[in-house]
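Engineer: In case you want the letters, here they are:
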Amino acid sequence: MRKYLTQRLIGMLVVIFLVLTIAFILVRLAPGDPASLMLGPDATPEEVDDLRVRLGLDRPILVQYGTFLVNAMRGDLGSSLFFNMPVTEVLASRAEPSIFLALFSLLVALFIATPIGIWAAYRRGSVGDQMSVTSAMLAASVPSFLTGLIFQRYLATDLGWFPVSGYGGPDADFAERMRHLILPAITLGITNSALILRFTRASMLDILGEDYVRTARAKGMTERRVVLRHALKNAGIPIITVVGLTFALLVSGAVVTERVFNLPGLGNLVVNAVLRRDYPVIQGTLIVVAALYVLVNLVTDLLYLVVDKRVKY
Amino acid sequence: MFNRSRLFMTAAATALIAGTPLAAQTIDVAIIGEPDTFDPMISTKDVVSIVTQHFVETLYTFDESWSVVPLLAADMPEISDDGLTYVIPVREGVTFHDGSTMDSADVKASLDRWIEVASRGRSIAEQVESIEATGDFELTITLSEPYAPLMSLLAFSNSAAAIYPEETIAPEIETVIGTGPYMLEAHEPDQYTQLVRFEDYTQPTGAAERQQIPEEIRFVPVPDPNTRVEGLLSGQFDYADGLQTEAYDRIESSDTAEPVLLEPFGWPVFAVNHKQGIMTDLTIRQAVQAALPFDDMLFAAFGDEKFFQTEGALYPEGWTWRTDAGTELYNQNDQEKAASLLEEAGYDGEPLRILTSRQYEFHYQMAEVARMGLEMAGFTVEMDVVDWATLAQNRDNPELWDIYITHSPFLPEPALISSLFSSAREGWDNPEKNEILNRFTSEADPEARQEIFAELQQIVFEDVGLIKVGNFNALQGQSAGLEGVTPSPWPAFWNAQPAE
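From first to last, the protein sequence lines stand for chains A and B. Residue numbers for the first sequence, in this note's numbering: 1 to 313. Residue numbers for the second sequence, in this note's numbering: 314 to 813.
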């Protein structure tokens, strides 16, 4: 177990190093100069050059890369060119909305998907099953920005039930900030419920056909107990995998939803950083996202141990 | 540039919802993005001007008819007969947000920095012989040659000649301290900039009055235009900048908000590369000018005649600078004439490269229609559609483009139009134009300046120095009943009064 964990942690570092290097090369291959963007349309070439020197962008790319690596190992991801603030601080301030949005939308998705998935598998082939599969496909096919726009227009603007956008102003307390997440979470939750629904249904179908389920039924166990205690527990592994990955995806990839609802999360941050060519922030976000994926994978694998006693590392 | 701001927490968590008592004293403004800096000297971006003009002030400002009026100056300057010396009385008893009092030493230090770091300040640095504090509250600017646009430059909030305390002056100012009616209270990047009333504000006299009606002004960066519209219609924002014209009817029919149409707002420009490439040939430039279907380009870009005017004059009706000189060469839409000009120029099919971006969709739409007109005349057109960051970089390299597309609001002083100057990236260096421009900037008499401007506009068309596409209107929106905001490309909110 210890050996396994050590191996995984080393692998994690390698992945992060690779992502970091690729990110560094890619963002610098992209044309577009942060200095001229920051100074506005009338800046002279001399002003742009001055700013490039101040930002350290005039140094050879290898020197920039070396400095970046050494600093990153010390936990220093540099300073945002745009905000003149440490990247770690920028990332920390954006983590809250993203993590809570991911959690809420995952809850919404699970709340919709798990019962329907189980029920559809149990009623395999029935009209209800077909309807649930079709609606899952429909939910997955409608892009989240469209769902978001519709909710925004009718539930927020017309009915005034929710805030249209943002994360609360300077006066907002925790509850108020969370209130701003309700609509985006439902939007994202609906889109992501489709995948979880299909996974739940498929793995329940597999399990319901197993011998031990038949045995349980033969012993006279109630259907409810068969499905919830025996089958669901064993169908858990694929469900946990997909839920874990969905969570990572939600934290890092809620770009469109964060944009529509103007949430100051990581997705919005990375899009703005790309448009502003804020290299340190782009790199910092990618490192965090890579670390998150690797970590979620590790946690998922460790959860298998809990769910299935046969799994050994 | 920014310090990590402190969070301002009050008990009223629900204040963001319009209609609550606190909302009546707070103005929430949706702006198109985050200001890059709070130091308006070093940026020409409109979003920076809109926000910073509330807490940073200049010696002069513009009144509603774009005339220069005193702000931190006590009066208009005494200008010597030769137009070389400006003696500016500085107001007494003006307090900075840090509690210190402004005197001429602060003004001198600020203007010294301005001519060093601000693009508009640098544009006159060569003409400035000295800036001296000639009394505790008197400043004297001496020029080496007369420069009429000086007053407009001192008044403009864009690349502004902002006045800071002398002690804070540095190449890069960490915390911007001003004298404005509002102070910077908190800033949460990409979330909000919170300004609160400056209680020790000393009111300027005359046209520049700032009533300080709202207790707070909050600027919320909302990059998505649709979200700005929804926010305005739901009552979350009292004002929204940069709205898409498609939203006009919806805002107009709503009970909560009303459209604010800036008519006209500005002009889209096809900037011409005079340094390198095929556009350095006058006959080719004339062919481009003849071939472009301006009507169709504007229609494609703005959709409804409510939002544009097909007009070549560099200034619209109602402005002092308005003249028809040279405009017979505008909107010829004559591809045959263009074809014969191309033949005369011996055009060999070398691609005409149009650099544009979809950051502003209307740029791209104009480019697509322009391409058709140009191809009908026989041009080979190559479109280079990139993101704005790339465009901002590539346009500084004259090897990469022949035309790039941009736009500008109508500026209060023609000498602020940078592309008229040979030092601009377009490099329009026609000796005759330079001579007219010199006369224009050194002439002090307003009527004489108008006449010279007509000559300048004439040569813009004859030499195709730049290509103005037309006038376009911009759409902003405000909550129903909001008063005290004068429509402007740089709206200010110190006099804003929400409906009861």
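For the record, the hints were derived by calculation from the structure and aren't laboratory data. One should not assume that every hint holds.
As the list claims (entries may be wrong) - For each label pair, taking beta carbons as the anchor points, the in silico distance ranges come out as:
id, chain 1, residue 1, chain 2, residue 2, range
1, B, T488, A, E96, 21 to 29 angstroms
2, B, N751, A, P45, 17 to 25 angstroms
3, B, A812, A, E89, 34 to 42 angstroms
4, B, D388, A, G75, 51 to 59 angstroms
5, B, D513, A, T21, 30 to 38 angstroms
6, A, T21, B, S735, 40 to 48 angstroms
7, B, E528, A, V307, 50 to 58 angstroms
8, B, N743, A, E89, 47 to 55 angstroms
All residues carry an ideal CB built from backbone N, CA and C; glycine is no exception.
Engineer: Quick one: which hint numbers does this structure break? Sort them smallest to largest.
Structural biologist: 5
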